[in-house]
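Asks: Each chain, letter by letter, is given below.
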Amino acid sequence: MKLNFFLLLFIFFSKFSFAVEKTVDPNLIHKNLRCLVCQGQSISDSNSDFAQTIKLVVKDLIDEGKTEDEIYEFMSDKYGDWIVFKPRFNTQNSLLWILPYIALIFGGFFIFSFLKKRQ
Amino acid sequence: MQKIIKITILFIFLFVIGIFYISLTRDTNYNTSSLTNKEAPEFKIISFDNSNFFTRDDIKKNNYTLINFWASWCAPCKIEHPILMKLSQTKNLVILGINFKDKEPQAKTFLSELGNPYDLLAKDKNGKQSVRFGVYGIPESILINKDLMIIQKFVGPLSFEDYNNIIKIIE
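Chains as they are written, first to last, in my numbering: chain A, 1 to 119; chain B, 1001 to 1171.
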């Protein structure tokens, strides 16, 4: 009985993990990739030859079992960080990611001390 | 407190000016510098006559290989063709032509009319292989050495300056 229960659990979770792997949405990836030959359009918006090819490659990469991040990494590796609308967190981009939080903390502190002083 | 506020405002002002200055002076043109000095990607591309496949092993055999993406429908490819013909006469360099999203009869006519500079000829019918090389338009050429390192990437038609540059590298 116990064995059956664990077996059921195993099947359930293996199916669940399989379902998670399968949920890579190509449309979301297309929206996050920049069309390099277009004016401010994403791969999703563009009907250019380049966009069509990238869509085919994204489909292939998904079929190969690559995750969303791995696909962005593949594209960045080939075309540079410019191709992704959401830049990766690395030493070059760190300021871009950290600065809003620093501004939020400083802003909060500034407002807090200002209000405290007024009181 | 007043002093801190003034310093903070000055700091923010200088920071914004700094960001504007960096953004305005930065070269926003597509730059291939990040793609050079990298190892050539794994690829398996079918030959133009469907008889075999070309892989990285075919590049390892030569001191230098110039991979050229071209098509019969591409006008700039016609402009760079005389340079490729000149390069085909040089030793130490093998030219691998990859016919990009083209129709076979037109590609054959193109080569018979203008000459065939390619030592190896392959085709990329749907353009998927070109993505492996970071190609986004044609013509594009990639110079690779025996160790499979990408030495230079040429976006657009090869110029005489590029020709001299390639000769300097391979000699």
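Please note that a few of the clues may not be correct.
[Claimed, not checked] BS3-like cross-link-like pairs, simulated, lysine-lysine; straight-line CA separation at most 25 Å:
{"hint": "1", "chain 1": "B", "residue 1": "K1123", "chain 2": "B", "residue 2": "K1060"}
{"hint": "2", "chain 1": "A", "residue 1": "K55", "chain 2": "B", "residue 2": "K1060"}
{"hint": "3", "chain 1": "A", "residue 1": "K55", "chain 2": "B", "residue 2": "K1078"}
{"hint": "4", "chain 1": "A", "residue 1": "K78", "chain 2": "B", "residue 2": "K1038"}
{"hint": "5", "chain 1": "B", "residue 1": "K1103", "chain 2": "A", "residue 2": "K66"}
{"hint": "6", "chain 1": "B", "residue 1": "K1128", "chain 2": "A", "residue 2": "K59"}
{"hint": "7", "chain 1": "A", "residue 1": "K59", "chain 2": "B", "residue 2": "K1123"}
{"hint": "8", "chain 1": "A", "residue 1": "K66", "chain 2": "B", "residue 2": "K1078"}
{"hint": "9", "chain 1": "B", "residue 1": "K1060", "chain 2": "B", "residue 2": "K1091"}
{"hint": "10", "chain 1": "B", "residue 1": "K1060", "chain 2": "A", "residue 2": "K59"}
{"hint": "11", "chain 1": "B", "residue 1": "K1078", "chain 2": "A", "residue 2": "K86"}
{"hint": "12", "chain 1": "B", "residue 1": "K1003", "chain 2": "A", "residue 2": "K78"}
{"hint": "13", "chain 1": "B", "residue 1": "K1044", "chain 2": "A", "residue 2": "K78"}
{"hint": "14", "chain 1": "B", "residue 1": "K1006", "chain 2": "A", "residue 2": "K117"}
{"hint": "15", "chain 1": "A", "residue 1": "K55", "chain 2": "B", "residue 2": "K1101"}
{"hint": "16", "chain 1": "B", "residue 1": "K1038", "chain 2": "A", "residue 2": "K86"}
{"hint": "17", "chain 1": "A", "residue 1": "K116", "chain 2": "B", "residue 2": "K1108"}
{"hint": "18", "chain 1": "B", "residue 1": "K1091", "chain 2": "A", "residue 2": "K78"}
{"hint": "19", "chain 1": "A", "residue 1": "K116", "chain 2": "B", "residue 2": "K1091"}
{"hint": "20", "chain 1": "A", "residue 1": "K78", "chain 2": "B", "residue 2": "K1146"}
{"hint": "21", "chain 1": "A", "residue 1": "K117", "chain 2": "B", "residue 2": "K1060"}
{"hint": "22", "chain 1": "B", "residue 1": "K1125", "chain 2": "A", "residue 2": "K55"}
{"hint": "23", "chain 1": "B", "residue 1": "K1038", "chain 2": "A", "residue 2": "K66"}
{"hint": "24", "chain 1": "B", "residue 1": "K1044", "chain 2": "B", "residue 2": "K1061"}
{"hint": "25", "chain 1": "B", "residue 1": "K1006", "chain 2": "A", "residue 2": "K55"}
{"hint": "26", "chain 1": "B", "residue 1": "K1103", "chain 2": "A", "residue 2": "K59"}
{"hint": "27", "chain 1": "A", "residue 1": "K78", "chain 2": "B", "residue 2": "K1123"}
{"hint": "28", "chain 1": "B", "residue 1": "K1078", "chain 2": "B", "residue 2": "K1003"}
{"hint": "29", "chain 1": "B", "residue 1": "K1108", "chain 2": "A", "residue 2": "K78"}
{"hint": "30", "chain 1": "B", "residue 1": "K1128", "chain 2": "A", "residue 2": "K31"}
{"hint": "31", "chain 1": "A", "residue 1": "K55", "chain 2": "B", "residue 2": "K1044"}
{"hint": "32", "chain 1": "A", "residue 1": "K78", "chain 2": "B", "residue 2": "K1006"}
{"hint": "33", "chain 1": "B", "residue 1": "K1006", "chain 2": "A", "residue 2": "K66"}
{"hint": "34", "chain 1": "A", "residue 1": "K59", "chain 2": "B", "residue 2": "K1044"}
{"hint": "35", "chain 1": "A", "residue 1": "K59", "chain 2": "B", "residue 2": "K1006"}
None of these hints come from the bench; they were simulated from the model.
Asks: If you test the structure against every hint from before, which numbers come out violated?
Replies: 2, 3, 5, 8, 10, 11, 12, 17, 18, 19, 21, 25, 28, 29, 32, 33, 35
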